[in-house]
Amino acid sequence: MEEKYILVSLEDERARKISEILGNKSCKRILDMLAEKEASETDISIELKMPINTAEYNIKKLLEAGFIEKTSHWWSVKGKKIPMYKISNKYIVISPKKSQNKIKSFIPVFIVSAIFTFFILWYEKVKNTVPDSLEQKSAEIMRGYAEAAIPVASNQTSIINVFLIAVWLGIVIFFIINFLKNERR
0 MEEKYILVSL EDERARKISE ILGNKSCKRI LDMLAEKEAS ETDISIELKM
50 PINTAEYNIK KLLEAGFIEK TSHWWSVKGK KIPMYKISNK YIVISPKKSQ
100 NKIKSFIPVF IVSAIFTFFI LWYEKVKNTV PDSLEQKSAE IMRGYAEAAI
150 PVASNQTSII NVFLIAVWLG IVIFFIINFL KNERR
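Going by numbering that gives the first Met the number 0, the residue at position 95 of the sequence shown is 94; the numbering climbs one at a time, nothing skipped.
Since the hints were made in silico from the structure, they are not lab data.
Any given hint could be a false lead.
With a cut-off of at most 20 angstroms between alpha-carbon atoms, the simulated DMTMM-like pairs for lysine to aspartate or glutamate come out as follows [what the hints assert, rightly or not]:
| no. | residue 1 | residue 2 |
| --- | --- | --- |
| 1 | K89 | D31 |
| 2 | K59 | D31 |
| 3 | K69 | D42 |
| 4 | K85 | E123 |
| 5 | K48 | E63 |
| 6 | K27 | E40 |
| 7 | K59 | D42 |
What you are looking at is a predicted structure, and each value in this text was computed from that prediction instead of being measured.
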């Protein structure tokens, strides 16, 4: 599974490369273009009206820093393999070396919590869908005569929503408390 973030320490050489890229006009122009579509070195050179060697140099810097990635390739008329580039669509987190382990430990908790939340919401949606079979429809009609059935269903849904909000609020409070404890050390 490909990571969706790039975690860089302030002491890491990549932090310097990232700062150079963010200060480079040509790199920013290439990133803007690749944000809209995939392109080859030649496409970038032509569309941005820059020399091919400038495009090649900046593309190399963007690849090393993780801002872009090669996606596919095609073969030129002369039989040369031409790579295509696109934005890597990753979050870049620059932090002191000390806090990197904390950040790495938070990400799985958020992912698991998100999966858990979406599973519960999906289950509630499936459970509350209109039944297709005739037997289920007649059972629904019979239950529909009982006036208490409608408030119970809506109360169950609101209880689940309150539960999910409480879970996420608990996770956020837990991380804030841990972060504050670790900052005091």
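Verification of the hints:
no.: 1; hint: K89 - D31; result: holds, 15 angstroms
no.: 2; hint: K59 - D31; result: holds, 16 angstroms
no.: 3; hint: K69 - D42; result: holds, 14 angstroms
no.: 4; hint: K85 - E123; result: violated, 38 angstroms
no.: 5; hint: K48 - E63; result: violated, 23 angstroms
no.: 6; hint: K27 - E40; result: holds, 15 angstroms
no.: 7; hint: K59 - D42; result: holds, 15 angstroms
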